[in-house]
Amino acid sequence: MSAAPSNIVIVGASAAGLTTAAALRRNGYDRDLTLVDAERHVPYDRPPLSKHLLTGEWGVDRVALKTEADLASLAVDIRSGVSATKLDVERSILSLTDATDLPFDRLVIATGVTPRVLPESAHLAGVHTLRTIDDTLALSEELVAGRHLVVVGGGFLGTEVAAAAIGLGLRVTLVNSRPTPLERSLGPAIGAEVAALHTGHGVELRTGPENAVQSLLSSAGRVTGVLFTDGSTLNADVVFVAIGASPTVDWLNGSGLSIGDGVECAPDLSAAPGIYAAGDVARWENPAFDESMRVEHRTNATEQAMHVGARLVDGAPDAFASVPYFWTDQYDLKLQVHGWIPGYDEVRILEGSLVERRMLAVFRRGDRVVGALGVGAAKALRQWRQLIVDRTAWADVVGG
Amino acid sequence: MKVIADIEVCVAAGVCAAIAPDVFDQDDEVGKVILLDANPGDDQLDAVRDAVLSCPSAALRLVE
Ligand SMILES: Cc1cc2nc3c(=O)[nH]c(=O)nc-3n(C[C@H](O)[C@H](O)[C@H](O)COP(=O)(O)OP(=O)(O)OC[C@H]3O[C@@H](n4cnc5c(N)ncnc54)[C@H](O)[C@@H]3O)c2cc1C
Ligand code: SF4
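Chains as they are written, first to last, in UniProt numbering: chain A, 1 to 400; chain B, 1 to 64.
Hints listed in this document are in silico derivations from the structure and should not be mistaken for laboratory results. Beta carbons: idealized from backbone N, C-alpha and C, even for Gly. Check the hints yourself; a few may be wrong.
To be verified - Cβ pair distances, simulated, as ranges: (1) Ala196(A) to Val63(B): 41 to 47 Å; (2) Leu36(B) to Pro179(A): 44 to 50 Å; (3) Gly41(B) to Asp314(A): 26 to 32 Å; (4) Leu217(A) to Met1(B): 43 to 49 Å.
The whole structure should be built from the sequences, with the hints applied where relevant.
Here it is in structure tokens:
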């Protein structure tokens, strides 16, 4: 990749793709720039979908990532409603669903993730996942007061949707095969507090290994309940499934790129000469943790996009080092987490509790502080973030 | 140059305060953006542009 780029194509025009385009312009790239996205809506932000959009607090126009004027000033060709179906790395050509071929001299892969579904549920009415505006509007239409919503999955998305539905006057049961919600990511102690928060608001919890969902029950093409692996059942008017998501990489089959759990990138986020990935779809070796990771958080999408936007212009192989950040809104509490905590060895609550609306907890992996969770403790969190960046030893700041 | 911050949209990531600490701060609790200088000088232009681009909730806008 010696010649300067003059025809950059970005697949996926959401948080990562659109920010890459903006960063390219910001860095002085003034040649051809094309974004391809399967979506028909103007580029929008996803975190509000399960929060303000689902509850009806915000309208659809509020979730747009850029105003029309800002979008126009980027001078990009956005092909919306069109998907990439095939990538030919050797010839530098992308095939699209509108039967055209798009040549490029640099490519950015920003196709995000796709929600996982329960087997044989795709065509059942009353079963929902949540990734797009259309998903949100379809779910929101069914969240009618008095109905019984069963949420399958006790992660961030499942708990946020449970909270939204309670606010809308539904009866809500949250089903999770772990003993407490958010336990997989935040551990049992914080999970227990999250459980208390939800039951306090009226959510019924069915948690623990005996509550693993085996399949959905249906009648005349509409869901009627869930079947658990122990043979018991639970009736439902609506089922919301939030059991994780998989990188959207099917269109890269046969491209020769290295695909595993995501597009496997070098530390500088390149997947091949002149080809980069950014956002939820990208897996890379993060020098801040010396670990391979793929981060499904909103801030990571922007930060990787800024990095890729700079590398495309300067061609330098600088590594993308980052301490991830995410937040989740649980009722009127905002939980904020800095760091990389999957596979942590120990979590310690240093201060407060969710009930007190102020809490600080830290996570250890090996002998290092790798994460900090805060509620109403933004200032303290900033100091912990710096300690994580500095690779501080647990023994030095938390003790034995 | 005028900076506009939408407090309601802000998700308290603190990216702006890290990039342009003379222009943005965060409150100590939730961490929502505090605009220290709504009309920053030209010497801040680069940092503010980066902050606007980097904000993960599109809460910041720059009117030049
Ligand atoms: C409901 C919801 C709530 C969330 N809440 C939070 C939160 O509170 N905090 C947080 O940190 N993160 C949250 N996230 C995660 C955050 O939204 C993502 O990390 C972020 O959207 C990732 O951006 P991305 O651009 O990498 O991928 P995406 O936003 O998934 O965008 C990928 C784009 O690629 C397009 N695409 C896919 N395949 C093709 C193809 N073959 N051809 C053309 N286009 C294609 C898609 O249409 C899509 O527009 C939430 C996500 C969801 C869905
Ligand atoms: S970067 Fe954006 S979301 Fe984060 S604190 Fe600043 S304005 Fe708020």
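Hints, one by one, checked against the model:
1. Ala196(A) to Val63(B): 41 to 47 Å: holds (45 Å)
2. Leu36(B) to Pro179(A): 44 to 50 Å: Distance hint for Leu36(B), Pro179(A) holds at roughly 45 Å.
3. Gly41(B) to Asp314(A): 26 to 32 Å: holds (27 Å)
4. Leu217(A) to Met1(B): 43 to 49 Å: violated (60 Å)
Hint compliance for this structure: hint 4 alone is broken.
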